[in-house]
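2 protein chains.
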Amino acid sequence: MSTTPLLERDTAHDLRELGQQLRVDSVRCSAAAKSGHPTSSMSAADLMAVLLARHLRYDFDDPAAPGNDHLIFSKGHASPLYYSMLLAAGAVTEEEFGTYRQEGSRLEGHPTPVLPWVDVATGSLGQGIAVGTGIALAGKELERAPYRVWVLCGDSELAEGSVWEAAEHAGHSRLDNLTVIVDVNRLGQRGPTRHQWNLDAYARRFGAFGWHVTEVDGHDVEAIDSAYAEASEHTGQPTVIIARTRKGRGVAAVEDKEGAHGKPLPDTEEAIAELGGRRSARVSVSPPASAPARPARPDAGHPPAGLWRPPGYRTGQSVATRTAFGEALAALGAARPETVVLDGEVGDSTRAQYFADAHPDRYFECYIAEQQMIATAVGMQARGWLPYAATFAAFLTRAYDFIRMAAVSRASIRLAGSHAGVAIGRDGPSQMALEDLAMLRAVHGSTVLYPCDANQAAWLTGAMADIAGVSYLRTSRGETPVIYEPGERFEIGGSRVLRSGPADQVTIVAAGVTVPEALAAADLLAADEVSVRVIDAYSVKPVDAVTLREAAEDTGRVLTVEDHWPEGGLGDAVLAALADPGRQGGPLAAGPLPAVRKLAVTAMPGSASPDEQLKLAGIDAESIAAAAADLVAGHPGVRP
Amino acid sequence: MSTTPLLERDTAHDLRELGQQLRVDSVRCSAAAKSGHPTSSMSAADLMAVLLARHLRYDFDDPAAPGNDHLIFSKGHASPLYYSMLLAAGAVTEEEFGTYRQEGSRLEGHPTPVLPWVDVATGSLGQGIAVGTGIALAGKELERAPYRVWVLCGDSELAEGSVWEAAEHAGHSRLDNLTVIVDVNRLGQRGPTRHQWNLDAYARRFGAFGWHVTEVDGHDVEAIDSAYAEASEHTGQPTVIIARTRKGRGVAAVEDKEGAHGKPLPDTEEAIAELGGRRSARVSVSPPASAPARPARPDAGHPPAGLWRPPGYRTGQSVATRTAFGEALAALGAARPETVVLDGEVGDSTRAQYFADAHPDRYFECYIAEQQMIATAVGMQARGWLPYAATFAAFLTRAYDFIRMAAVSRASIRLAGSHAGVAIGRDGPSQMALEDLAMLRAVHGSTVLYPCDANQAAWLTGAMADIAGVSYLRTSRGETPVIYEPGERFEIGGSRVLRSGPADQVTIVAAGVTVPEALAAADLLAADEVSVRVIDAYSVKPVDAVTLREAAEDTGRVLTVEDHWPEGGLGDAVLAALADPGRQGGPLAAGPLPAVRKLAVTAMPGSASPDEQLKLAGIDAESIAAAAADLVAGHPGVRP
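Which chain is which? The protein sequence lines are L and D, in order. Take the position in the first sequence, starting the count at 1, then add 106; the result is the number in the working numbering. Take the position in the second sequence, starting the count at 1, then add 106; the result is the number in the working numbering.
No lab work stands behind these hints, which were simulated from the structure alone. Among the clues, some could well be false.
Unchecked claim - Quick list of in silico lysine to any residue cross-link-like pairs, SDA-like style, CA-CA up to 25 Å:
| no. | chain 1 | residue 1 | chain 2 | residue 2 |
| --- | --- | --- | --- | --- |
| 1 | L | K246 | L | G382 |
| 2 | L | K140 | D | S424 |
| 3 | L | K363 | L | R352 |
| 4 | L | K721 | L | M710 |
| 5 | L | K246 | D | P298 |
| 6 | L | K140 | D | E635 |
| 7 | L | K140 | D | M710 |
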């Protein structure tokens, strides 16, 4: 396979042959797996053949090389095509290629970073282009590196709003290191797409968002080659290449036919024969021309996080945890130059603004586009940066699919959600996160933190830098009393026992805004000679099962209290820990569980002051005290 | 206030005066509440004055009148302006107006349907335009009614991808009954918007998506009036009016100033004086000219759902629950003509296609735009239709913010998610919903159903028609054995005890695909002389606390098993029910809890066959049997 820069007659022939090889291999692996998307692969085979042989700059022996281009299959279901490219590049063997979609194989149904050449998992459409925009942004604005980002999109996925968030961000940021290739094969899963082969419809849309647009015949290798060359040379705008293709191209039984999506071809041998038989060309993919100006992993050789000092707050003060988050983030940015911060146009509220003021070059305004914000974080961490992304906690729900997929991508991203719960007061339910703990707990490998005071929030903000996977910090709008000493350390998975005595009759487990309420409730109960233990469960996931279990055994009764719906939050985390300590590493408990009662927000809130809201929701000090007294009276516990 | 159709000199003066009145009232109510968004209201005051006085067709005395126009504040934070309009229209009194943002007030921080004139809650940006598109679609394609939909958007929110999903759907559907007014006041919350006063940037984008575009000076009442008239007359396209405005217009201290977002004006009295003082004009808003061709509530007078007959499946067959869902939906569509079905371009997989085949006029292809799909459902139910929306369960995560807001909107929508869990097999984790139960349980007032066989799925599909709020049916890709009789009734909040005996040592609680595994586990255990109870907890929320409690008391040990992450799903629902039966209406339990162990998916899956996946996740029959035996051996229970 020639890799000469100029396209000669023989080269065009070779490229067409490579395209057929990728088709045959896509057909082969899907047939062996008895599943997969060969027809969606065949439409884009010529597009990828030309890219692989002539334009991609990538060292397949060193996927971590900082100068490598990035190739993202936003249409992740075309994984047969991607794996066929890996086979052609010599990155995987024929033997491994044969394991497609089998148990234990790295060649999963949709690409994931289990393969070292894959930056991010795709398969939820409209995400690859968004993550690619994040990587291109890192290359352009953080690293000033010459690598290019290539994204293969399907036409169906252009219906996703996230595509247009990406188009807006990339267009406005003039990301000329980004090329998006749209495989317009006219057919979605169920039938024809909205615009079918109306390439101009897509061209108008991308053009309006500030992109350089080229339309090509996606089966004309010379036209494709020219389009890529033009894209690489074009400056000041990202390029989209809108390619007219035919789904199932090359096999009459499926070509441009409805009902052939997502299944092996009806006759494998006949199809391979029709495509001209098996080939086994090896492509010498060009390595990157030069290393980038900055290392791809900006944390390499950097002093450890222990040198970071969080801002300190005097006990007795009242400070909002969001304020501590912002100040800690600004300090972290000074100590760790790989820190980058993204915000959804509410940095003045989340306090991410403090980082922007201190480190404007590493602050990215994502405007009100939460999906693109998360995608940018995922893309930047793929380049070795340390991203924090902040918005109102309620609006992280907008990006749940991106957060879910970040976990599939094995991405390490840090999220901060401010203005959680009814405690925000008058703005009403649209602005109140009441499901964020449930949403973030149900992310694989996630860490969920909910600090109650400024020193704790500051410490945890820094600690998140070293957490792998998706981590989440829930912050509060209003001021809360500082109860911990400046610089106090808080373990992930830990807790604080704030009140404890030998005669405790009930344990109150709280977090965030309910901690001061629980302490006040303890005072009220003490006046009635009811002794309570109070635990600050700032680490909601992993939760401190050992301390909770001990408290439950000591007191026999547990009351949880949270500013969240009853489902999936702190109460459920406590119940799960008490029910099954075996899961936490210890032996399965032999004794029965204690009585547990959950206090949470059960009615749809309206507008009211923060204090009124807590009272209406039954999670203020008086309500907690009443529920605790009720629990003591109604349940024998261990000290009847 | 004149409501003559032609704009005369005096009328223009009156309109300007009305605009000033709306500004003064916005300032007043925000000052009284000591919070709110007066400056975001002031920019749009002239736009809304002209709409209210001259173009809106609405009977404020009869908000349910089917011919009424619909007015949606997509920029819900401009609620002071909306409430000032209600005051001017005589819909609310000055006394109620003074309760803005106070405890118990209907005038919440962002509008909600607590007010009868509000169709849907807004406040999460980028949603009002999407719901408005759904209402316009109902007007155009279902009702053929003459009402118009007016949506007020901010400029900041145009960064949301959901706006472009709506623009695509409305443009392609040629919704000429929809007018979107964009209040381009240049300033977002944190600072300038991406495009500031570049009206052409917005015009190009909407134009590319097929909209009729008009640019106006948003403070020129005559130009606004002409633009509305043009929008109402224009056919074949939706219209967007892009209005250049000044945030805080009319008060020098805040006009076009940064840092004045979302707070009362610095000097209320001075501001009111600068605006020309208080006014108290009453606007006679024109009622709709005529009733629509069809009733707004198509279910009015319709026979009750009891007449519907679900499709039946013979026991012993194997049928996928998604297939039963699709067939039941088609049958329901015949019995209840108000049923409408939406799908995200995967109707062949979800089986919503069966409805499309039977009732093509009431099937809406939403393409791969899940946010718009949910918004359309919310919009159509606001018009009295009975919407079901289906896609892969995993991709409902894309629309979580819309689902959350549907609950704030008190909307009744029915969601169906197919291809749940690792049981889908080879496609890999991007396609597997493993957080959907947690996500949907944590929606206020939601119902979560997870059938294990076809007859149960069919019955529950029909039962959802009569559920208020957000309901969710989780269906499975693969076939499962039919174990219930055709036509068997399943209560919401119920369960089925499938195995039971006087000597049961452990209760296995399963749902969906784990039910057949649990039954097989029971057979394995019986061979070892361990007697187990098996419960099919098809109603995950509300869960059948009474039956679960009874089983727990009888057997002393409970094992839950689910195809879902451990957090927030069936296991947590069971734990919550056992821990706190008092919540379910009964008295608080006096005794301790049983031992509970949860089986769920704990490691990130890859590709494998469905059977391999269940085994790898430890939720197949053998794993269940082993865990049950372990629980019996390790815990004394009630029968040691």
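* Going back to the hint list, which numbers does this structure go against? -> Result: hints 1, 6 break, sorted rising.
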